[in-house]
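With the hints as your guide, set chain B onto chain A.
One line per chain: the protein sequences are A and B, in this order.
Under the numbering used here, the first residue of the first sequence carries the number 1, and numbering increases by one thereafter.
Under the numbering used here, the first residue of the second sequence carries the number 1, and numbering increases by one thereafter.
No lab work stands behind these hints: they were computed from the structure.
These numbers were taken from a predicted model, which means no experiment stands behind them.
Built from N, CA and C at the ideal position, the CB exists for glycine as well.
Incorrect hints may appear among the rest.
Stated by the list, open to error - To be clear about the criterion: a stretch of chain B counts as covered by chain A if any three or more of its residues have a C-beta under 8 Å from a C-beta of chain A, and this derived list gives those stretches: (1) 50 to 64; (2) 78 to 90; (3) 121 to 134; (4) 227 to 237.
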Amino acid sequence: MTTSPATTHVRPNYLRIWLYLFLMTIAEVALAFELPVAQNIKLVLLLILAVWKAMLVALFFMHLKFERWRLRLIFIVPLPLAAILVITVIMEHVR
Amino acid sequence: MTHATHTLDQMRPPYPAEPGAGVYSSKLGMWVFLASDVMFFTALIGSYVILRFGVSSPWAQPGAVLNVPLTGLNTFLLICSSVSMVKAYAAIADGKKYFLRKVAGKTLQDGGLKFWLLVTIICGAAFVGVQVYEYIKLVGHGITPAGYREGSELAERALADPVKYGANIAGLYGSTFFTMTGFHGFHVTCGVISMLYLYFTKVLPEKYSAQDYRGIEVIGLYWHFVDLVWIILFTIVYLI
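Isolated chain B, as found in the complex:
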């Protein structure tokens, strides 16, 4: 493939495609895995919808138990990490392996693969950190997967206002909340560990180039999917 062809179509990586889907095998494998993950999260979200709308008692109102501003910040972090991931992809597709480089006539330096992937890792790790902090605070306030802990602050509030805090089905609320957000957090953690591995074994030694950046594209697909799932979870679990 000529360089001219590569610059003509920036969305097609320059490696041979497998017959069938027309992409290289590891990318096809990631797409098949993501398709199965769609079903996994659908099972979780579907179960949540059924349980929530199947019970006759009121569910805890949005914002009553969960810290929505903190999770809003977390959502912002994940969206930022998604854009930095795609910037990392674009950087290596253009052959920019470096961290930062000065551009003549511009105040901001141009970011390369090393910079954008590091930003993604930091944002992803920060997301996990905020989620762990949120869990610690929630358990401290009294919500556990089994419901409101006896004698806790939330249990007392639920006694005073059972409708707002969904006192009768707190166990269902706690278990669905921790299951869905926990599995998503596990996915994010796996993504951060995978990116760290790639960063130290492939990105820093500059093993990727404009001719071969398959690892970045494949981990990018996974990372964007994790962001996509969170977008849905944030709305369903925290806002509705």
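Only chain A is shown next, with the shape it has when bound in the complex:
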């Protein structure tokens, strides 16, 4: 295997990622039960935090950030399909 300097990566600080995940989990619980925020804003903020945490796990713990695009695509391709599945069924309900 050859490695060019342009594609070299150093390991991320895993403990820092863990700290972010921990703090965001506390923020989520506080937002859900303690903070006086409107229900719709709360919903959006909770979803953003969840997606952010999931991204941190996928990018740094699963090392997707350091993988080749061809491998990333395997994981990314089902996501639009998943979105289509949910949106289509919601539209069916709305209609």
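Below, chain B alone, put in the same frame as chain A:
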């Protein structure tokens, strides 16, 4: 591949890559499986979203039925297990097969593959244990996949406050809750059993090395995915 090349790029394991995705076959296989698992959990979560927002009756309010502090602790356990898994991966990539080793000038000992994988297994098993405890308590309080059990504590509370406890659609609430968390718990259980198998057949006999640690990387991918799914489920099922 030279040792210098290995230390230069710590994210690329030193075994031959298959053409195409550029990774070895078992890792590619795990990624394809995870892609299919994304669709599986999307079907579950999508169905939940549709059912929840499709009904006209109010859903049980967050924290009314479920024990959120206990599940928060479980979420913390799973996040800890994810970081210990990635530490196990990093340890064996550096050739650290040992359990713990003293480092000159430092109070804390340096953990090797045996230590970090054991921490992951313990946290994973604890997660399953807490989930089983949660199920036992919930069923005891009266929520089952069929709804509130007649004469139970929750059924009485739902009668007194039908909006807070979603009395009209308790069956839908119970079935979606147990289906989603149950399938996730099944994934965690499979992960713990797989890690235990690897621990006793490969890790303790020191069959992994800095030159070949494919099994650890592949089970690590699975384990992080299980953590990722729980992050989404915790928000959707327990907090919203």
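According to a criterion of three or more residues whose C-beta lies within less than 8 Å of a C-beta of chain A, is the stretch 121 to 134 of chain B covered? Per the Cβ count (0), the hint is violated.
Within 8 Å of chain A's CB atoms, at least three CB atoms from the stretch 227 to 237 of chain B: coverage verdict: Satisfied; 7 residues make the cut.
Can the stretch 78 to 90 of chain B be counted as covered by chain A under the rule of three residues or more with Cβ-Cβ separation shorter than 8 Å? holds (count 8)
Outcome, coverage of the stretch 50 to 64 of chain B by chain A - at least 3 residues whose beta-carbon is closer than 8 Å to one in that chain: Since 5 is at least three, the answer is holds.
The structure fails to meet hint 3 from the earlier list, while all remaining hints are met.
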